[in-house]
Amino acid sequence: MSLIWIVGLVFFLAFLAPFIDKRLGKVSGYLYALLPAALFVLLIRLLPAIIDRHFIVRSIDWFPLLHVRLSFYLDGLSLLFGLLITGMGTLVLIYSGYYMQHYPMRGRFYFYILLFMGAMLGLVLANNLITLFVFWEITSFSSFLLIGFNHERPEARAAALQALLITGFGGLAMLAGFVLLGNVGGSYELTDLLQNGAVVKSSKMYVPLVLLIMVGAFTKSAQFPFHFWLPGAMEAPTPVSAYLHSATMVKAGIYLLARLQPILGGTDLWQFSLGLAGAMTMLVGAYFAFTQTDLKKILAYTTISALGMLVLLVGMGTELAITAMVIFLIVHSLYKGALFMIAGAIDKTVGTRDIRHLGGMWPVMPIAAVATFLTLFSMAGLPPFLGFIGKEVIYDAKVQAPQIAVYLAILAVTANIFMVAVAFLFGHGVFFGKRKDPPKIPKEPAIPLLIGPAVLSVTSLFMGIYPAIITQPLVMPAIDAVNASPVDLHMKLWHGLNLVFLLSVITITLGLTLFFFRKRATKALRKFNQRYFKIEFTDLFRRLVENFLSFTKRHTEVVQHGYHRFYLMLIFIVSSLLVWYQLYHTRGWGFQANWEEIPFYLLGISLLIITSAIGAVFTRSRLVAIVLLGVIGYAMAFIFILYGAVDVAITLILVETLILVLFVMVIYHLPGYMPKYSRPASRIRDGVIAIVFGGFMTALVLKAEFIKLSPPISDYFLKEAFTKGHGRNIVNVILVDFRGLDTMGETVVLVIAAIGVISLLKLKPKKKEEEE
Amino acid sequence: MENLLMLPLVLPVLAAIVSLFAKNSLNFRKASGVFFTLAQLVVAVVILVKVYRDGILVLHVGSWPAPFGITLVADMFSAIMLFFAGLIGFTVSVYALGLMDERRLKFHFYLLFNILLLGVNGAFITGDVFNLYVWFEVMLIASFVLITLGGERKQLEGAVKYVTINMVSSMLFLAAAGLLYGKMGTLNMADLAMKLQNDPSSNLVASSAMLFFIAFGIKAAVFPFFFWLPASYHTPPVAVTALFAGLLTKVGVYAMIRFFTLFFIPLGGIWKELFLITGGLTMLIGVFTAASQYDIRRILSFHIISQIGYMIMGLGFFTPLGIAGAIYYMGHNIVAKTNTFMVGGMVSKLKGTFELKSIGGLYKTKPYLALLFIIPAFALAGVPPLSGFFGKFILVKAGFDSHHFFVTGISLFVGLITLFSMIKIWNEGFWKKQPEEADEVVNYAEKKVGFALVFPSVVLALFSIGMGVAVGFFFDFCMTAAQQLLEPSAYINAVLGK
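Sequence order for the protein chains is A and B. Count the first sequence with our numbering and you get residues 1 to 772, in order. Count the second sequence with our numbering and you get residues 1001 to 1498, in order.
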C-alpha cells in the first residue's frame, strides 16, 4: 500500500469523526483506535524491507512549478517515528475512549487528535521539505485547538495562543530556512539533498539557513529559551499531553534535526548550537521539574529535560551519540506516555493531580501503582529496564566524545540526578506516605485508563531484558538513516565494571540522596528560585504581548488619529517630496520660454489670476473671496477662448457661474466676515505646503509643455471626424463617437451622483439605528 | 467573438436600467441584481478560458483603430482579475439578500452594486489611460453613494473622509494623464508602451509616473496614503464593506502593476526600491495598527492594508515569480478577505455587535460558523494547505531568489502578527464565554443566519481551500499572466495589430 494512503486514511477518518461520534456516542472513541493499530501492523510488516535497505519512495506532483511534490519516503528513521505515532496513537485513543466519554464536543476532540495524527505521520514520512512544512504547521494548529479544548478557561486560551505563537514563529523561520536550503541544495527532496550535503555546507547561505531551521526545530521541541510553552500546554486534556506533548509532536524538532544531520550536521556551528541549547534545556527542565507540585507539570518539565538531552545527542553527531539518541527516544516515549496516562487516570479517579493532596494510594490502586513503578524505574534508569540501557549509552557517548567530554558528562549526570529524584518523588508522593484529603474517594482507575500504562511499562521491561528484539529491526535502521551509513550494534544490559557504570551508580545514589532530603531540598530550591530565578517565562511572554499591544495602540493613535486635515496634509507633503525628488532626478530638460512671443494680454490675464488668488487667500470677507475665485474661473475661460476652445470656455463659464451662485446662497446664512480660526504658525505651515505642492504642479506643466516625445494623435481626429465620423464639430464627434465609451461612463457617474443626492435627502436612518 | 469584451460593461449597465424601471417590485430588483452579477461571473469565466486558450483578446470600441479610439484588452492578468471581480460580485450580491435591510434594498442598492462592478470591470479591461480614469470615477461615485446609503451619522463621517482623499487621487491621476498626453501625444496604453520603449529620452516621463504612483497608491491604500480606508470601511453595512474589501484596493494594485510593468519600470529609475520600501512599510503598519483593535471590522480593515503590502512587494521583486506571486496573492486575498467580512457580518447578526469585548461563546453554539471563520482567517494568516500559505511561500521564494532578504523577512514576520490578530478574533469571539453584561445586546439580535448568508461564505471558503490544494492549477494562470506582463510586446502587438 502506498505511503500516501497511510496519511490519507487518517485524515479521512478525522473528517468523519464528528459524524461517527454523533451516531455512535461515547463508544466511538475505542473504535478509532482500530485504524492506528492497523497502521502499526502495516508498518511492522514493512520492517524487513527497510532492514534490507529497500527504502520506499512515492510521490505525486503537487505544485510542479516550484518543485513542491507530495512525496513520501520510508527509511529506518521515519519508520521508527511512524511506529511511535501509530503505536502510541492506538493506546491514547483507547485511553481517550474512557477519559473523554463525558466531555462535551467529543466529536471535535477526535477530529483534532486524528487530524494531528495524520499530519504527524505526514511529517515523518514526507520527503519534500515544503510538504513536510505543510504537515508541520498542521500539527501546530491541531495542537493549538487541543490545548484550548477547555476553551472557556482563560488559562487554556492563553496557553493555546502562547504555544501557537511560539511554534508559529519557529515555523516561519523554518520556512525561510527551507527555501534557502532548497535554493542552495537544488531540490526540496530529502533524498536529493542527502547527496548534496557538501554543497550545502560550503555555501555562504549555510549559516543563516541552519540558524533558521534550528529556530523552527527548537520552538517545536521546546528548547530553552522557547521551552515555556510546553508546561502551559498542560491545559490540554491529558490524552493530548500524553500523545502530542510528550510522545510525538514535541519530538518533531528532534526528528527534523536528526533527518537533516547528514546534510547540515558535523560543522562547528551545528555542534555548538545544538549542544548549547540541548544542555541548557536539559538542566533547566530537570531542575524545574523538582520543584513542581502538579503531576502534569512535573512530567512536562522532565519532558523538556529529555528533549534537551535528545538535541544535545543529535548535535554531538558521533555514531555512539546517535545510537544513544535513538534508544533514549524510544525509552522516553514509553515511560513518559505511560506516566502521563497515569497522571490523568489519578486525576480522573481522585479529582486532583496536585501532589500535595495525594499520597497513600498504594492499597487502593495496586495495579496503577505497579505500572507506575515499572515506568518510573525506567525513567530513573534502573536495571533491568530499557531506561537503564538508554542511560548507559548516553553516558558512553558523552564520555567518548572528543574534547568536551568531561563537561558533557557532568551535565548529563547532574540532569539525571534530578531525574532520579523526581521519579522517586513522583512515585512516593502519589502512592506512599500519609493519605491526604483528595476531593473524591480513591479507587482503582478504570481498565481502559490502565491499558496504556500497563502495555508501555511491560514493553519497557521486556525490551530492557531482551534488547536484541529492537536493536536489529528498529534501532539500527534508524541510526543508519541519521548517519547515512550502516552500523553494527550490540546492546546489552551488562557492560561490565567501567567508568560508565560508575557514573550510573553515582547518579542513582545522589538521586536517592536528593530524594531523601526532598523536604529540605525543595524548600531551599524554592527559596533560591524566589530570590535568583524569578523569571517566569510565561509571564515574560505575556508581558511581551501586552507591551506590543500597548505599543501598537499608542502607535495606532498616532497614525490613524482621526483628524482629517492631517491625513490630507501628510498625503500632500509626501506627494510633494516624491515628485520633487523625481523632478530633480530627471532634471536637465531645457526650459526655454520665448517671452517675446507671449502676447501682452495673456500676461495681463495671468497677472489677474495670480493677484485674485492671492487676494482670495488673504481677504477676510467671504463675499470678496468668492468673487475673486469667480474671477479666476472666468479669466481661465478667457484663456481657452484665446486658444480657440470655445466650447470648453462655455462649459467653464457655466460651471463657474453655477458655483458662484451656489456659494452666494450658502454664505447668505453665514456671517459676512471670517473669524481667524487658525494660529499664524499653522497658517504659515499650510501656506508652505500649498506652495510646495502647487510648485511641483507648475513645474510639471511647464515640463510637459517643453517635452514633446512624439506627435499627438489629435491630427487623426481632425482628418477623420468628417469623413468617417460624419460630423462637422470635432469635439462632438470625439465625445459621442471616437471616445463614446468615456462619455457613457461619465453619464453613469452623473446618474449615480443624482441617486446619491436623492438618497441623502430621502433615506434617513430610523431612530434606533441612529442611537446605536 | 471580440464583442465578448463588451459584456462585462453592458451587463451591469443593463442591470441598472432594469432596476430603475422595476419601480415597485422589490423581489424583482433583488432577483435581477443577483442574476446580472451571476451573468458577469459566467462571462468572466468564458473570457478567462478564451484568453488562456487563444491569447490576448482585443476589442476596438466603435471599430476606431488603436490608438485613436478606445481599446478594450483582456490579457491573462485582466482576465484573472475580471474573474475574481465576477466571483466576489456574485457571492456578495447573494450575501446582501440575507443581510441588507429593505430600505436600502429599495433604494437602488443593487443598481449601485452593479455600477460599482461596472467600474471595476472597466478598469480591468480598458487599454486606455483616460478611459481608466473614467472607470475610476464610476467606481468612486458608486462606492461613495454605497457608503452613504442609509444616511447614518457615522456613515456620512466615514464617507466624507473616503471621498475627499480619493478625490485627491483622482486629481493627481487626471493631472498625470494630462501631462503624459502632453509629452507623448497618446493615451493608448500599448501605443504609450511602444513609444516609450523606442525613445531614448523617455525617462522624462518619470515625473508623471510618480503622479500615477501616488494616485494608484491612494487607491490601493499603501503607506502613507491609506488613511481613508480605516476611517470609512467600518461604517456602511457589512455587505458593502465585504465588496469593497475584496475589490476596491485591488483595482489600485492592478493599475499599479499594469502601468509599471508596461511602461515605467522598464525605463529604469528608483521604482523597484520604491515599491519594496512602500510594500514593507505598508505590511508593517497594517498589522501593527490592527493588533490593538477590538472591533472585528476594524481589525479586518487594517489587515487589508497590510496585505496590499505583499502585492506591492511582489511587484518590487520584478521577476516573473514575484509578479505571478503578487497576482496569486491578490486572488487569494480577494477571496479570503471578503469571506472574513462575511463571517464578521454573520457574527454581528447573531450578537448584534462587532465589538469583540461583548461577543463570545460562538464555538460552542455555532460550530459551523466557527469552521466558516477559521478557514478564511487561517488562509489570511498563511496556514497550510490553504491559499494564503502558498501566496506567502511563492513570495518568499521570489524574494530570496532575487536576494531581497530584508523585506522578505519582514513579510514573514508580518504573517506571524496576522496570525495573532486572527487568533484574537477566534479566542474572543468564538472560544471565550459570552460575557454576561452584554446579554441585552444579544437579546434583540436575530438568532439565525440564513442560507443566503452561509452559501456565499461556503463558496468562498471552498475557493480558499481549492486555491491551496490545487495550487499548481491556479498558479499556472498567474505565471502566464506574469510572463505576458514582463514581455509587453505581445500586448502591444495584439492592440496595435502589428
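Because the hints were derived from the structure by calculation, they are not lab data. Fair warning: there could be bad hints in the mix.
One-sided and incomplete, this derived list gives chain B residues near chain A with beta-carbon spacing under 10 Å [to be verified]:
1. ALA1022
2. PHE1028
3. PHE1225
4. ILE1265
5. LEU1350
6. TYR1363
7. LYS1366
8. TRP1426
9. LEU1486
10. GLU1487
11. PRO1488
12. SER1489
13. ALA1490
All residues carry an ideal CB built from backbone N, CA and C; glycine is no exception.
Right, here's what the structure says about each hint:
no., hint, verdict
1, ALA1022, "15 Å, violated"
2, PHE1028, "18 Å, violated"
3, PHE1225, "6 Å, holds"
4, ILE1265, "14 Å, violated"
5, LEU1350, "16 Å, violated"
6, TYR1363, "6 Å, holds"
7, LYS1366, "13 Å, violated"
8, TRP1426, "9 Å, holds"
9, LEU1486, "16 Å, violated"
10, GLU1487, "18 Å, violated"
11, PRO1488, "17 Å, violated"
12, SER1489, "18 Å, violated"
13, ALA1490, "20 Å, violated"
When each numbered hint is compared with the structure, violations occur for hints 1, 2, 4, 5, 7, 9, 10, 11, 12, 13.
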